[in-house]
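Novice: This is what each chain is made of:
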Amino acid sequence: MKSTSLGREFDRSLKNHAGFGQALRNSLTMAYRGLLKIRRTPEQLFDVTLQPILFTLMFTYLFGGAISGNVESYLPIIIPGILVQTVIGTSIVTGVQLREDMDKGVFDRFKSLPIARIAPLAGALLADTVRYTIATVLTFVMGYIMGYHPAGGLGFVAIAALLVIACSWAVSWIFAFFGVIARTASSVQGISMIVLFPLTFLSNAFVPVETMPNWLQWFVNINPISHLVSAVRELTNSGMIGFEFIISLVSAAVIVAVFAPLTVRAYMRRT
Amino acid sequence: MNNGHSNEWAVEARGLVKTFGSNRAVDGVDLNVRAGAIYGVLGPNGAGKTTTISMLATLLRPDAGEARIFGHDVVKESHIVRQLIGVTGQYASVDESLSATENLIIFSRLLGLSRSEARRKAADLLEEFGLTEAAKRPLKQFSGGMRRRLDLAASLIAQPPLIFLDEPTTGLDPRTRSQMWDTIRRLVVTGSTVLLTTQYLDEADQLADRIAVIDRGHVVAEGTVDELKASVGTSALHLRVHHTQDIADAREIVEQVLDVRSSITAEAGKVTAPMANADQVTDLLIALRTRGIKLAEISVQKPTLDEVFLTITGNDATENVTQSSEQANRMEEARV
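Just so you know, the protein sequences line up as chains E and C, in that order.
If you're matching positions, the first sequence starts at 52 in our numbering and goes up one per residue.
If you're matching positions, the second sequence starts at 3 in our numbering and goes up one per residue.
Bear in mind the hints are in silico, worked out from the structure with no lab data behind them.
Among the clues, some could well be false.
[Said to hold, decoys possible] Some chain C residues close to chain E (C-beta under 7 angstroms, calculated; not the full set):
1) A59
2) H81
3) Q85
4) S99
A quick note: this is a predicted structure, and the numbers were derived from the prediction, not measured.
Cβ coordinates follow ideal geometry from the N, Cα and C atoms, glycine included.
Construct the complete structure from the given sequences, taking the supplied hints into account.
Specialist: Pasting the structure below:
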C-alpha cells in the first residue's frame, strides 16, 4: 500500500449536498456504464432491432388494405403509429433491466458513494436512449424501404425522432418506478404490459379515431400516446411543429416531474 | 487533521435499533471506535453485524438511536459521511458485466476524478492488489479472492479515513485469506481506521485491536482481545493419561487436589480442568504419581476466543460457533 494518505484530511472539503452540476456529471458517468454494458451484451439489442422490422411489416400489410384502401396510402398513418408504439414499448425493458441491475451488489456501492442520489437511475435511463434511437431509425428505414416518403423532409423526420426518444425516456421513468418497487424482474414486465397495452392500442396509432364508438373516442382523444402520434404525423407528413408537439412535450415533462422524485425516493428507501 | 473531524472517535454509535417486520435485527447497539484502530465486530450469522454496518455506512436508516462518523451524523449529514467512508460488502459490490479496469474507472469518475486521473488510479490500484494481469478480463472469470481484492480496491479510491469491511474473508481459501489479512493490516499503517465484521474468532484475534461481541442484536461484550480472554478467567490444564482405564481415578484426584470441577474426553484419555493457581499443579502431579497413574501429556492452555464467545453468548450460539471454528480449523489444516 502506498503512503499517499499523508495529509489526506487536508484537501478534503466536505459538503452535505450534491449540486446540479455533480448530479449531471454522475448521471453521465452512470450512462457510460450503461453503454459499456450494452457493448458487453449486444444480445440485449435483439428486441429493438427485430421488433421494428417485424411490426412494421406485419401491421402495414395486415391493416393497410382495410383502413386506407392500399398499403401506399396507409404508410403515412401507420409509420408514426408503429414508431411510437415500438419505442415506448421498448422503455418497459428499461424498468425490467433496472430491477435486475439493482439486485446486484454493485448498487450497494453506488448507495455508499458520495454521489447524487438520482444518478444511478438517471444514468441507466439515459443509456437506454441508445435503444430507442436504434428502434426509431430502424422503423423509419423499414418505412422507407416499403415506400414511405415523408412529405416533411429529413429535417422534420429527425425532429420527430428526437421527440419520440425524449418522450420514451420520460415514460421509462414510470417503468423505472415499477422496477424499483417490484420484487422481481418478471413482475415488472407483467405490470408494465398491463399499463402499456391499453395505452398504445387505445390510441390513434393504427386506426382512425372516427371509426370507434363515442366512449372510446373520448379516451383515445385524451390519451397522451394519441397526441404523440399526431405530433409525429404533423412533423413527418406536413413538416409542422404544432399544438400536438407542445402537448407531447408538456406531458413528458409532467411524467418526469412526478415519477423521477417518486422513483428516487422509493430507490432510497429500498434496502 | 482538521476540517472539523479532528475527532479521536471514528465511530460513535448510541442505541442503534433496526427492525425488519417483527425481527429486531439490531436492538440497541453501542459502539465506539477510536481513529486509527482495527475494530472487530464478532458474532454468529444473523447476529446483526451486517445491519449495524449498513446503518453506519448510510445504507440503512436506523429506526432509533444515533451514530456519528468522525463527528458527522449518519442520518442528517449522510452525504458528508459518504465522503469519509469506504464500504466493502459481504458480497462483492462490483459490476459483474464489466472488466476490473472499467469498474475502477467508473467508481473513480463518480468520485470526481478526471478521465486521466481515473485511468491512472485504476492502474495503480490494480497493480497494488496484484490484478494487473486480469485487468481486462470480464469479472465473470474472476475467482472469489480476486473479486474481493477488486472490491476492496474500489473502496480505497477516495482514500477514505474509515473503511468498513463486512466479513472480508468469508468463503476465501486459506491462502487468499491471509493475503487479505496482510492487506487489512497495511491499511491501518497508512492511517485508516478499519471496522470489520467476522464470524471467525481467529480472524478477530489476528487483526483487531478491540472487539465487540454481538449476539441477537446486542453487544454482549466489548474490550481488547486480552481483556475478553481474561474475562473468561483462568487458563485450562489438560492432562492425558497413558492408560485410558485410569481416567476416572485421574479425574477424581484432579478435582480433589485443585478443588474444581473438571471435564473428561474418555476416548482421548484427556482430563481438562481450570487452573487458578499454578502452584497447586505440583501437588497434583505428586498425588498422581503416588496413585501410580502414568501421564502421557500435560499442557496448559490460555483461554481462546472460542471459549470467550461460548461463555458470553451462551448455548444457542454454540452451533454457529462450533461450525465456524470447525471451518476455521479445516482451513488451518488445509493450509499446512
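Novice: Each hint: holds or not?
Specialist: Status of the hints after comparison with the structure:
no., hint, in the structure
1, A59, "holds, 5 angstroms"
2, H81, "holds, 5 angstroms"
3, Q85, "holds, 4 angstroms"
4, S99, "holds, 5 angstroms"
This entry satisfies every hint, going by the numbered hints stated previously.
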